[in-house]
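**Q** Using the hints provided, position chain D relative to the given structure of chain S.
In order, the protein sequences belong to chains S and D. Numbering-wise (our numbering), the first sequence opens with residue 9 and increments by one. Numbering-wise (our numbering), the second sequence opens with residue 59 and increments by one.
Check each hint, because a few of them may be wrong.
Where chain D lies over chain S, by a calculated footprint (3+ residues, C-beta under 8 Å) [as the list claims (entries may be wrong)]: (1) 130 to 136; (2) 256 to 270; (3) 287 to 294; (4) 353 to 359; (5) 362 to 371; (6) 498 to 505; (7) 553 to 560.
Since the hints were derived computationally from the structure, they do not count as laboratory data. Glycine included, C-beta positions come from ideal geometry on N, C-alpha and C.
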Amino acid sequence: MAEAHPVGFQWVVEAKNRGAKVIHVDPRFTRTSALAHTYLPVRAGADIAFLGGVINYILSNEKDFREYVVAYTNASMLVSEDFQDTEDLDGLFSGYDSELNTYDQGSWQYAGQQDEGQEEGESHADRETASGLEQESHGPPIPADVPRDPTLQDPRCVYQVLKRHYARYTPEVVERLCGVPQEKFLEVCEAWTANSGRERTTALVYSVGWTQHSVGVQYIRAGAIIQLLLGNMGRPGGGVMALRGHASIQGSTDIPTLFNLLPGYLPMPHFQQHQTFDQWIDAIRHPEQSGFWANAKSYAVSLLKSYWGDAATEENDYGYGWMPRLTGDHGTYQQVLDMIDGKIKGYFLLGQNPAVGSAHGKAQRLGMANLDWLVVRDLYMIESATFWKNGPEIATGEIVPEECKTEVFFMPAASHAEKEGTFTQTQRMLQWREKAVEPPGEARSELWFFYHLGRKIKERLAGSTRPRDEGVLNLAWDYPVHGELSEPSGEDVLKEINGYDLTTGKLLSTFTEMKPDGSTSGGCWIYTGVYQDGVNQAARRKPGSEQNYVALEWGWVWPANRRTLYNRASADPDGKPWSERKKYVWWDAEKGEWVGDDVPDFEKTKPPSYRPPEGASGVEAISGDDAFIMQGDGKGWLYAPSGLIDGPMPTHYEPAESVFRNPLYGQQANPTRKVYERSDNLTNPSPPEKHSEVFPYVFSTSRLTEHHTAGGMSRQLAYLSELQPEMFVEVSPELAAERGLEHMGWAHMVTARAAIEARVMVTDRLTPLRIDGRVVHQLWMPYHWGSEGLVTGDSANDLIGITLDPNVLIQESKVGTCDIQPGRRPTGPELLTYVQGYRDRAGLTPGHHTPIETPRDADDGQQ
Amino acid sequence: MKPIIQVVCEARAGPVRQAGSWVRVVIVGVKTWIEGWPVYRQLTGTDPLGRGAASQSPRSKALTARTETADRVAKSVCPYCAVGCGQRIFVKDEKVVQIEGDPDSPISRGRLCPKGSASLSLVTSDRRQQKVLYRRPYGTDWEELDLDTAMDMITDRVLAARDATWQDADDDGRPLNRTLGISSLGGATLDNEENYLIKKLFTAIGAIQIENQARI
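Chain D on its own, in the form it takes in the complex:
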C-alpha cells in the first residue's frame, strides 16, 4: 500500500485542487502502484529472474554502494591459495571499505571463493594485531614494546647468535662461512620482492637454515 499513499500525498501537495484532478491523480496512483509491484516489474521489465532492479525497494534504490563512493581502487590479488584471483580493493578516507573480485582477470573472471570474499575482514578485523608484543624469558604474559626498541633487540640477538655459532671452516680447512644458530620459516604468503631481500640478507650474514611452506 505504501506507494499509492505516497503518490496521492504528492498529488495533494500540487497546486490543482479541482474534483476532476483528484480522480486523475488516483488513477495515476493506481498505475504507479501496480508498476511498483515487484512481480509486475519482474514480468514486464528487463529482470525476469527478479534478482536485480525488479526486486528493488525504494529504500534499497536510495542506497549507494561503498564501491561507488570509494576514493580509489587498487588492483590486487587474493592472498589465500595459489590460483591468483584478481581483486579490486576499494579505499575511502584511507580505509579499505570493500574487496571484490576483478571481472577483468582471465584467471578468475570476477569470482572469489568464501575465503577470498572474506578478505575484507582479514584486512580490517579488529582482532588484527597492531602492536609489537614481547614475552620475556620465563615470562607468563605479553608486554608491550615499541617498534624501534624491538628492532634493535632483534638486531642484537641476530648478531650474538651469529657470533656464538659461527663456523669459518671444517676440520680440513674447507670454508663453511656460516652460522647454524639461526633459522627462518616462511615466504609462501609473502611477495617475491620480500623473499628476495630475506634470502639476500640471510645469505650475506651466513644463515643458511632458511625454509618455507614449499618444503611442507
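Only chain S is shown next, with the shape it has when bound in the complex:
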C-alpha cells in the first residue's frame, strides 16, 4: 500500500500513531513492511491456506463476535443434507461435472432449496459470462425463508459446516503451505481477534495481489468471512478495503465498459437466458426474493429510456429488441485469441496498453498484428501502437512490417486537465473535475471522439430501413456541443446518468423515485442522486477540515452518498450502537428514524423491531435487523449457497502453475478455472504432472511507486524515468548464490511463453521459504517496461500465460513458475529456439494436455 497507494497509506500511519497495530503479509518486504509492526513473508498463491488458518483459529477458539454473527450472518442457516465438502471429496465439492469442469450447485443450497441451485449447464454459462461480477452491487438470488438454528449447534448449520471445512487449516498446516512460522501466524490471529468486537474493529486491505489469481474471488471471500465472523463489516474502522489501481476503474465497473454488464450491474442480455424482455427483468429481480433488487424493472426501464428516449415505449419493450446478445465468453482474453485466429476486424484501445499491461504480451501483439484496423487513443506513443515496427516480435521475425496488414490510427487524447467529468475512486466516490485548459493540437476527449463517431455513424445510416440499424437511428444522441472544438458537455451526460422524471423534466434525487412504466429515465441507477436537488453533488468541495471524519460534503458516494455500506450493522439488532467508542449509525426511537454520522444504509423509518408479514417480498421482506439489505436473505454470507462458480467456501488450491503438489487435497488447482488450451498459450507443468523442475522458482510482479501500470503515463516523464530507470528483478542472496547471479548484473527469466531479461537486484527483501519440507525461492519483478518511452526494457507480462478465475474471468498474473539464469537472453530468432528448448524439456509437446481433475490415486499414472 505504501508503494502503490502512498497517499492512501498516510491513514495507516495515522492509525499507527494513534496506537493501531499494523500487520503486513506479502511475499516481498516493501515500504509497507518497513512501517508495519509485524511483517510476514509468505508464499505467493497460498493465501487461502493462511486465511483459512485464521478462520480455523477463530472458530476453534470461539473468538467470533457471537451476537453479531447470529444476528447479521447466515451462520445459523441450515445447509442441504446433500452437500458434501472438499474435506469429504479430496478437494471437490459435491456436484462436480468432469466434462464441463463445473458444478451442479443444487446440493450447496440451504435445506429445502436444493432445486434452486444452478445446474452444471447454467453454471458453465455463468462462467463464460463472468456473471459473478454482476453481484458487485447486490447479492445473488436466494429465497429468504430458510430453516435456522440460532444456537449454532446443528451439524448442518453454516457455522458448523464452516468449522469442519477449516478444521484442517491448523497453524502447522499454515506453516507447511505458506512458510510462516507458527508463532508468527498465531501472533496475527491473536492481534486480529483481540482487536475486534464491541469496542474495537480491524480493517483488512488488499489490492491486485488478491484479484489476479485463478482463485481470486475466493481470496476475497476468505477475507470477508473473517471480517464477518469478527463483526468488522458495516462498522467504522472495519471492512474489506480494495485498493484499486486506476483513477476511475471503479467507475468503469459501475458504468461498465465490460462485455457482460450494463450500467448499475444489470446483466447484458444472454441469447438463451434472456430471450424476452420479461425473462431479462425476472432474471434480475427474482420475483420471490427480498431486498432492493426487487425493483430491477424500474432501473432497467429507466436505462432503456436513457438509451432510446421517446423511441423506447411499453409496446416495443422499451427497445429491448435492439439490444445485442451474448452467447458466451466475450472477454478481453477470448478476444485476443480470436484476433490471432483472424475473427476480429477492428480494435479500439482507449487509454490502455495491452502490449505491456495485459497477460501474455506476445499473444496481445500477435493479435493486434492480425487485425484489419486498430485505433489507439492515448496521450503518448505506446507499445500497443508501435508493435508493427518496434515490438519484440520484430527482432524474432514473428512480425514483419511489410507483411503486417493492420492499419493503425493513433488519435491523441485529452488529459485529465483538459476535460470536465467525474472519476469514481476506490471507495465509490465520484469527484467532479473542472476543465483547466483546452487540449493541445488534435488531442480530444473520449467524450468528443465517441459523440462525433456516433453522430457520423447515425448520419451514414440515415434513411436505412434495415432492422439492424433501427437501434442506431433511434438512439438518443442529441448532445449539444460547445466551444471551438464542438465538445459535448460532461454535465449533460452526468445528468442523463442521474436520470429525470420525464413527466416534469426534473432531475431525480434518488433511485427509489424510478418507475417501471417509462415515466423516468436514468443511465445508471446506482448513480441516481449525484444530481440530487438539481445540484452536481460530485463537485462539492467543503474542506475536510470543516467537516467530521466522514466528510459527507466532499464529492458524492454511490449509493445515496453512503460512505460505509451495510452500516446498519454498526448498531446491534435493537438499533443501539455496539459501543460508545464505535458509534456510527443507530435507531433514534424518539424521532422514529435511523440517524448517525453517515447516511444510514437502511430504510430511514423502518424500526429494528419490524418483521415482514407472511408472504412478503422485495423491500417489504427486509426485516428490521437484516443489515445486509442487498442480499436475498438479508444476511452477510459466511457460506455462499449460490453466486460462485468454484464453491460455497474458499478452499486451498495451488496456483495453475506451482512447484508443489497440493498438500491438502488430491485436487491440485481450481477445478473450475477458465483455461484456453492452445499451442500459443502453454502452461508450465505442475505436479502431479512431471517436469515441474524445469521451472523451479515462484515469481510475482507488482508496481513501483514511481511508475504506473504499462508505463504510458510514467516512462514518458523525465522525473519518473530518472527515479526508476531500468527493468530489474529482485532475488534473495541465497537464490543469487544458487544460480550465480550478480548484483547489478544481467539475468533472464524463462517460462513456457517467453524469456525476458533484467538487471539483478540481490536483496534481503526476498526470503527463501521452507514449504512442505523443502526450500522454495521466490523472485519479484516490476511490470512497467516496454519498448517505447524515455526508459525501455523487457515486459514482465510477457512471461505470463492466460488462465482465468472462473467467476470474473481475471487472469492469474500474480503468481507463476519460471527459471532464472545469469546473463542476457538470446536475441533474434535464437530467442524462439531457446524458449522452445524449455518447452521440450518440460514435456510441452504437441498434443500435451494439462489435467484439470487430479485425484490423488491417479498420481502414479501421470506423464
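**A** Chain D only, in chain S's frame:
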C-alpha cells in the same frame, strides 16, 4: 558580507553626510547584517527548523510562485491510481503552469505521491502526441492525417466491419443482433461520462466485445 555593503551603500545615498551619521549607519548596518544571517533568524524568529522564512535569501524572497500569479485554479483529481487525491491545476495565459495537491481534500490532505507530483509533466511534456498519425497496411512508418479525415475513415471501417460480421440470429432463430468483428479495451482511466457514451454507442451498433482494465 553582502547585506552590510548593501545597507551602507543605501545610507550613502541618503541626504545626511555628517561624521556622526556614518557611525550610526555602520551600527545599523551591523545589526541588519546579523538579523539577515539565517541562523540568527532561525533561532529568534518563527521558523525554528529553518525550512521557511529563516532560510530565505533576498533573491528567493523576490521570487513569486507560479501559483500566485495564475489566472485561475481548476479543482481536479489525480489521474493515476484510484485513491482519488485532490489536485489544484494552476492556469496562466491558457497554459497549465503548476499542479499541486489540494489541502482541502479529506482523502489526501494536500499530499501527492511521486506520480501525482509529476502530473504537470504528464500534461505539459513536449513528448505528448498532438497530431493524428496513420500507419497504412504493410507500411513501415507513420504518416500524418488530419483529424476529420481520420474520423471519417474510422466511421467507414466501423460500419464495414459491422456489416461484414453481422449476426441477426442463431440457427434456432434466437435473436443475436450483434457483431463480433469489433473489440474495444479501455475505460479505467476515463471519465464516467465517457464510459457511458462508449457503452451506449457500442451497444446500439451491436458491438459487445467492450472491456477495460477491471477485467485485468
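**Q** Evaluate each hint against the coordinates.
**A** Hint check:
1. 130 to 136: With 0 residues in contact (Cβ-Cβ under 8 Å with chain D), the coverage given for the segment 130 to 136 of chain S is violated.
2. 256 to 270: holds (count 13)
3. 287 to 294: violated (count 0)
4. 353 to 359: holds (count 7)
5. 362 to 371: It holds, with 4 qualifying residues against the three required.
6. 498 to 505: holds (count 5)
7. 553 to 560: holds (count 4)
Consistency with the previously given hints fails for numbers 1 and 3, ordered from lowest to highest.
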